[in-house]
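There are 2 protein chains.
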Amino acid sequence: MKRRNLCALIAILVLGGTGLAQLNFASGIAVEDFKPASTNQPGREYPMVNSEGRVRASISAPEAQRVQLDISAVKYDLVKDTSGVWTGDSDPQDEGFHYYQFWIDGAAVPDPNSLYFYGAGRWGSGIDVPAKDQDFYALKNVPHGQIREQLYFSKHTNGMRRCFVYTPPDYDKDLTKRYPVLYLQHGGGEDETGWPNQGKTNLIMDNLIAEGKARPFIIVMDNGTWRWPENVPRPRRGERPRGSWPPKGWADGFMKTLLEDIIPMIDANYRTLADQEHRAMAGLSMGGMQTRVIALANPDVFSYVGIFSGGSISMEDVNNAPGFKEKIKLVFISYGSRELERSRRFGGDPKENTEALNEAGMKTHFYVSPNTAHEWQSWRRGLHEFAQLLFQD
Amino acid sequence: MKRRNLCALIAILVLGGTGLAQLNFASGIAVEDFKPASTNQPGREYPMVNSEGRVRASISAPEAQRVQLDISAVKYDLVKDTSGVWTGDSDPQDEGFHYYQFWIDGAAVPDPNSLYFYGAGRWGSGIDVPAKDQDFYALKNVPHGQIREQLYFSKHTNGMRRCFVYTPPDYDKDLTKRYPVLYLQHGGGEDETGWPNQGKTNLIMDNLIAEGKARPFIIVMDNGTWRWPENVPRPRRGERPRGSWPPKGWADGFMKTLLEDIIPMIDANYRTLADQEHRAMAGLSMGGMQTRVIALANPDVFSYVGIFSGGSISMEDVNNAPGFKEKIKLVFISYGSRELERSRRFGGDPKENTEALNEAGMKTHFYVSPNTAHEWQSWRRGLHEFAQLLFQD
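Just so you know, the sequences run in chain order D and F. Per the working numbering, residue 7 is the first one in the first sequence, and the count goes up by one each step. Per the working numbering, residue 7 is the first one in the second sequence, and the count goes up by one each step.
Calculated directly from the structure, the hints in this document are not laboratory data. Treat the hints loosely; a few may be bogus.
The list treats identical chains as one, so a pair stands whether inside a single copy or across any two.
[What the hints assert, rightly or not] Under the rule of at most 30 Å between Cα atoms (straight-line distance), these lysine-lysine pairs were calculated in the DSS-like manner: (1) 333 - 81; (2) 183 - 333; (3) 146 - 369; (4) 161 - 262; (5) 183 - 86; (6) 183 - 81.
Kindly generate the complete structure, drawing on both the sequences and the hints.
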């Protein structure tokens with residue numbers, strides 16, 4: 007502990023004279039109870055996490071001049087030892103999953119020690135900071151469902167597509183049984199691997215089902231990445247988009263794919279209960295915004311709606327969506343506590359909006375994930391809460 | 007083309023004076039028909055491959071002193087342009103899949119532009135050099151099977167394990183039908199993700215089945231990584247192991263897991279034809295060596311045996327394995343043409359061994375993958391050949 011701080015001090019003094027930009031180290035003194043992260047590649051010691059949620063990363067780069075750990079939008083300088091290995095800590099991170107990367111002499115690269123996850127528009131490093139409630143997504147010796155990679159042809163996009171399908175533990179036991187379906191969408195810069203990988207969808211469901219807390223259902227995780235609508239002028243590079251953001255019609259492409267390709271394909275290939283009563287849609291961030299648009303436009307298709315960190319549904323929305331108030335069985339809205347303040351700026355206060363729906367006679371549920379931001383721990387908890395309310399009527 | 011060679015020359019002259027080690031550039035002049043590799047992350051231009059099989063890699067590293075592309079055991083120096091982007095070519099590579107990485111000022115890191123694959127004991131970059139016969143593993147609009155992630159408890163290792171299971175396209179159509187099973191193992195430093203990812207197992211099978219060239223069967227891909235047997239003294243670090251290599255009993259651990267955990271779990275959870283006649287085992291490299299040991303010891307369990315780049319079965323083996331000659335329906339041995347010479351040094355010439363079995367009345371098949379080495383293109387082709395011969399009796 008003392009030795010590390012001394013190294014950092016020497017590094018500041020030495021590098022300070024070389025004309026490099028100011029160095030940035032974690033504040034405070036780290037508690038020395040670091041353990042290898044659960045998201046490390048097999049057998050790798052680093053990166054480590056301590057009880058404060060600090061990340062300690064390490065990489066050998068003998069000839070490098072500057073190596074930084076880049077996590078939660080802060081770059082921390084690492085310090086080189088005599089063998090050319092750079093090591094350093096971050097400030098304490100929130101519980102849960104975070105994307106991160108290294109900067110090595112100006113190159114942004116993944117940490118060769120971590121597993122890789124798709125997010126922020128790239129496959130790159132991720133790290134799980136142990137959470138107090140991590141038991142709900144722990145791998146346990148309970149009956150397990152499957153995550154299936156499903157390839158299919160899409161008429162709408164005229165090409166092959168891929169989704170992942172969670173089937174519950176008993177799916178292959180009783181071959182006469184049919185199941186409700188949740189269509190569950192990722193966020194912007196993520197893809198269909200988000201929920202099965204960093205989202206821990208299968209483990210969350212397997213544990214809930216083993217405890218009798220959720221009804222077994224199928225979950226379909228597809229790719230909702232959208233393209234700029236052809237009939238809307240595209241802003242030039244560097245120009246701020248005019249009018250509403252996202253552009254009008256932005257969710258139409260995925261809506262068509264979902265309604266015309268994905269749902270019919272799932273109903274044809276899985277033992278689904280293929281009606282509105284047994285179909286739900288949910289998503290996080292961009293996927294929540296898609297859920298909002300698609301569910302409001304299709305109350306005959308879905309009966310349960312979940313929006314995690316992706317806005318809310320107002321009475322104005324409901325009044326402009328014929329059938330929504332009567333047919334929707336649950337509107338579930340959730341946020342991380344640390345992003346709640348910011349969320350009020352987009353489409354009104356999500357809690358007030360949700361309470362207004364409730365007062366108008368709709369069944370709603372508003373959930374706030376404690377001490378988390380716009381990150382996967384909020385969405386794991388969101389799914390965990392939402393799943394227990396689904397298909398119970 | 008000219009400009010690039012000039013850059014390289016200037017780099018040699020400039021860096022030559024700075025005391026850096028000698029630079030290493032690709033030989034000859036590259037044909038300028040480079041295209042983004044199929045193994046790139048979505049939307050990434052680099053790395054590229056040209057018609058000669060040269061790889062052109064690129065990364066921004068403005069403050070780096072030396073950046074190298076490390077592929078097929080050769081490190082190629084990249085050249086920096088005025089914006090800090092380093093770019094450079096490799097020599098022509100064999101068709102098919104290769105692991106690679108960058109060296110940035112002494113740090114070995116994945117290329118942030120590529121997809122990642124598990125091999126050589128790590129998740130890292132991989133690149134597919136288009137092969138003349140790539141059509142057999144192309145993604146086409148044919149009926150597709152599924153790759154299922156299967157979690158299960160192992161009594162033998164007293165913990166949770168994971169395998170991937172390929173189910174053929176018609177598996178969920180006729181729920182009364184039962185299928186034969188192939189247990190298919192990866193190589194050393196790889197894991198259960200090797201065959202479904204870089205192996206293209208599902209696409210190879212889907213295409214074969216669509217053409218009527220293979221009988222639909224289930225494929226189980228598990229993790230065969232072995233531990234040093236407890237009753238065999240372990241060589242010290244840096245010491246050459248004494249006696250036979252691998253150590254006697256090395257395959258016993260996975261054999262137990264396979265026979266006592268995996269096969270019973272698969273037969274309990276999938277609609278298998280659960281007898282010797284409808285069970286095959288195959289593997290590549292280390293997985294082929296495991297297949298050899300396990301099949302010789304268990305002719306009552308498996309009837310088809312495939313060894314890809316992992317040795318062969320001699321008449322001596324057969325004579326020491328009671329029941330093997332009578333019960334085994336096919337011994338399939340394959341190699342890449344570029345590794346065949348070396349293969350003769352281990353356990354005899356594989357072709358001669360296989361011919362001897364044939365002369366003794368066993369059904370055999372010997373296959374050589376043209377112009378490939380100890381790499382995935384040899385094994386994709388091995389599976390493609392082997393699958394057409396399976397469960398045909």
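Tested hints:
no. : hint      : result
1   : 333 - 81  : neither (49 Å within a copy, 63 Å between copies)
2   : 183 - 333 : within (25 Å within a copy, 40 Å between copies)
3   : 146 - 369 : neither (33 Å within a copy, 45 Å between copies)
4   : 161 - 262 : within (10 Å within a copy, 47 Å between copies)
5   : 183 - 86  : neither (60 Å within a copy, 62 Å between copies)
6   : 183 - 81  : neither (52 Å within a copy, 57 Å between copies)
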